[in-house]
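J.: Heads up: the sequence lines are chains A and B, in that order. So that you can map any letter, position 102 of the first sequence is 134 in my numbering, and since no number is skipped, the others follow by simple counting. So that you can map any letter, position 123 of the second sequence is 112 in my numbering, and since no number is skipped, the others follow by simple counting.
In short, the hints are calculated from the structure, not lab data. Honestly, I wouldn't trust all of these hints.
When the alpha-carbon atoms are kept at most 30 Å apart in a straight line, the in silico DSSO-like pairs for lysine-lysine are as follows [claimed, not checked]:
1) Lys79/A - Lys106/A
2) Lys121/A - Lys657/B
3) Lys73/A - Lys122/A
4) Lys109/B - Lys79/A
5) Lys149/A - Lys154/B
Partial list, derived from the structure: chain A residues whose beta carbon lies under 10 Å from chain B [as the list claims (entries may be wrong)]:
6) Pro88
7) Met90
8) Arg100
9) Lys136
10) Leu144
By construction, the Cβ of each residue, glycine as well, lies at the ideal position given by its N, Cα and C atoms.
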Amino acid sequence: MAPTIMTVDDSASVRQMVSFTLRNEGYEVIEASDGKDALAKIRPDVKMVITDLNMPNMDGIELIRNIRAKSGFKFIPIIMLTTESQAAKKQDGKAAGATGWIVKPFKPEQLLAVVKKVLR
Amino acid sequence: MQLDVNSQAFMEEAQDLLTELESALLELEEQPGDTELVDRVFRAMHTIKGSGAMFGFDDIAAFTHDVENMFDRVRNNELQLSREILDLTLACRDHIAYLLQCAGSGTQVDLEKGSALTAKVRLMLGAGDQQEPADAAPAQTAQSADSSFDEEDGSRRLTYRIRFKPAPDIFLTGNNPLHLIEELRDMGMLTTYVHTSALPSLAELNPESCYLWWDMLLHTSAGEQEVRDVFMFVEDECELSVQVVDSGDRIDSDEKYKLIGEILVERGDLKPEDLQRVLSSRQPMGKLLQQAGVVSEDSVESALQEQQTVRDMQQKREASSEAASSIRVAASKLDYLVDLVGELVIVQSQIAQMVHEREDADMLALSENLERLSDELRDATLGIRMLPIGTTFSKFRRLVRDLSADLGKEVDLVTFGAETELDKTVIERLSDPLVHCLRNSLDHGVEPPQQRVAAGKPRKGTITLGAAHSGGEVLITISDDGKGLDRDRLLSKAVERGIVAPDAELSDKEIYALIFAAGFSTAEKVTSVSGRGVGMDVVRRSIEELRGTIELTSEPGMSTVITIRLPLTLAIIDGLQVQVGEESYVIPLAPVEECVEHFGTADSGRKQIINLRDEVVPYISLRKLFDVSGTPPEIEQIVVVNALGSRFGIVVDRVVGEHQTVIKSLGKVFKNVEGISGATIRGDGTMALILDLPRLVQSAISAR
């Protein structure tokens, strides 16, 4: 069984692109539109989280901190979607416990390369 | 622009975002101090930019970039939110809508409108806009640097030294060092050394903490950036160094790979001045440094591993470029060298024996060193004489082609193992017997085409000639898919010729072995190819002269397989030294299966057999065979050998042990002595005769 991956983004198109790419590779995907939504939807079988940083209600950094604090998700890989201009955000994300990042804009291959890298 | 599903989704989303942007901007006009509203504006811009770039709306992304920046500043209180900014942003929002519309309908964009707005936004940003192009530029150069790296690299393989010390809390970011190492492993040949010195006792161990660090060597065609990219998520938090230690083009230099001290200094494990201090005495460097306490055992181990790996790699490269540097030497020089090595081995074993008797520890160490060196020298020297057997194979191809045409048969010759190496002399002397076997297969084995078709076989027959290594021997097989041997005809012929008694009961193996008996030829009429009385017995003798054995098996109607076993070399063998009375003999070690004790010599007449784990094994007594004087000990030894396809026991007084045996010819005078193939000089200078097992067994069988 391919692992379940959660994608969190307030942009429906990015969410769609991410989940389309991952489902194509056989992953199960759970979509969430912001941090709060993600925390409500996350399940024990989620093996990886891909999250945007700028989101309403609860942003990505806050989400990472919250996931890390949840029992059972201490070591889960969390990848943040950042843009070139957000170098400082990247640092904040790392400090909050993000595993790595993907710089937007990205291509499906880049996304898959990172997923395979951290899930192996 | 072609609109795919993703682009379509973006368009729809962007429309929503623009609406959201507009309402947020209008609200902001009424409540200028509301940071939440500023955030909403910023987020909407950010998403339009990010998603736009992702789905190929580069113009929208580029345009929005500046507006987003402007609001980022407002958000960070670097820019005072003014009516002007709001107007401008609303205008920009309209422009984004316009751009979207153009993209949707495929109409040409009026560029001027956009650049006018961008200019205004930049003006608003003031000095900040200077930095903007710089933000995009590094990304671009990084990219081009990447691609040139790929191009330049091609198939060139480099060796990287990678030191990876992850932060103790690496696991808490969801990263796993093991994954990273596995990723490296997938890139090429990876050697790892793990440093465990920081590992605490189990009681103090925090399972969420990483205590280990690694020194690795990666041999790969990947570029340095690619190697570094493996660590991209962790490189800020870990200690990482990637260095090229072997660029793969060192072939021409005679220089060996770095000395251990150099490696340690390069890695930063050791200070150069410490190295100098320790260098003054003479001992293995790693040990010295360790004893001096300037570097840890771990580091030395790890550096040693690197040294070994890279040196191995360089050696392999040198070996592959070896072909160009071979030299031709007169065979007689090589023969002389082999002779000398043989003499050296004898002297060495004399020394070894003497040292053993004197029980002198110092001498023993020296003697063991000498033994090791002479062993290596022997192997190296004999290796020089080795040639691939393939050279003879090509000769046979022609033979099969011509002969099959003569005989009106269609035959393919398939060969394998042409690269198998054999002593040059053996190859030369093997040629005639092989020709004979091939002729037999062509003449008697493979049937004429019509007959084959009638038997439901392919029209074309196949003869397979192959060579392979098997332990200390070379195995040569000649097989054909012909009609096989007629067991009954062989037997009746043998009885007719008086080779076996009419009432003899023989196993299949023994019957097939009859074909090698002297004066045996089954071809009813003499053909030009074979059957002129020069039968397989000549082949057998030639092979035995090479100290080899020959064996035949057959499946009637299907195939005949001849198997020839040959020793790798003629000059030196591993032998088992045995003692009978005062006499020493050497039994070639290869066919020896085991040694068992033999109680009592109450031989019941001629039936000399022992029961070995429910198998009846005949034996002969060397004492009787060679008429050695004296009385045998109460418990004798039986050396069980496998010769001519059957097990056989040889009774001796005592088994002395294994010895390297240099074979000395007995000369012409003793050429016809049965059962002895040569002699050797023992460690104490006395002689020992080398038993010729196949002949010994043969004569024992016929004596029975």
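J.: Against this structure, judge whether each hint is valid.
T.: Checked hints:
For a cut-off of 30 Å, the pair hint linking Lys79/A to Lys106/A stands: about 11 Å separates their Cα positions. Restraint check for Lys121/A and Lys657/B: the C-alpha separation of about 94 Å exceeds 30 Å, so the hint is violated. For the hint linking Lys73/A to Lys122/A, the alpha-carbon distance of about 24 Å falls within 30 Å, and the restraint holds. A distance of roughly 47 Å separates the Cα atoms of Lys109/B and Lys79/A; the hinted pair therefore is violated under the 30 Å criterion.
As the CA atoms of Lys149/A and Lys154/B are separated by approximately 19 Å, the hinted pair is consistent with the 30 Å bound. Below 10 Å, beta-carbon pairs count as interface contacts, and Pro88/A has one with chain B at about 7 Å; its hint therefore holds. Hint status for Met90/A: violated, given a least beta-carbon distance of 13 Å to chain B, over 10 Å. With a cut of 10 Å, the hint placing Arg100/A at the interface with chain B holds, because the nearest CB-to-CB distance is about 7 Å.
Hint status for Lys136/A relative to chain B: holds, with the closest Cβ pair at about 4 Å, below 10 Å. Nearest Cβ of chain B to the Cβ of Leu144/A: about 14 Å, over the 10 Å cut. The hint is violated.
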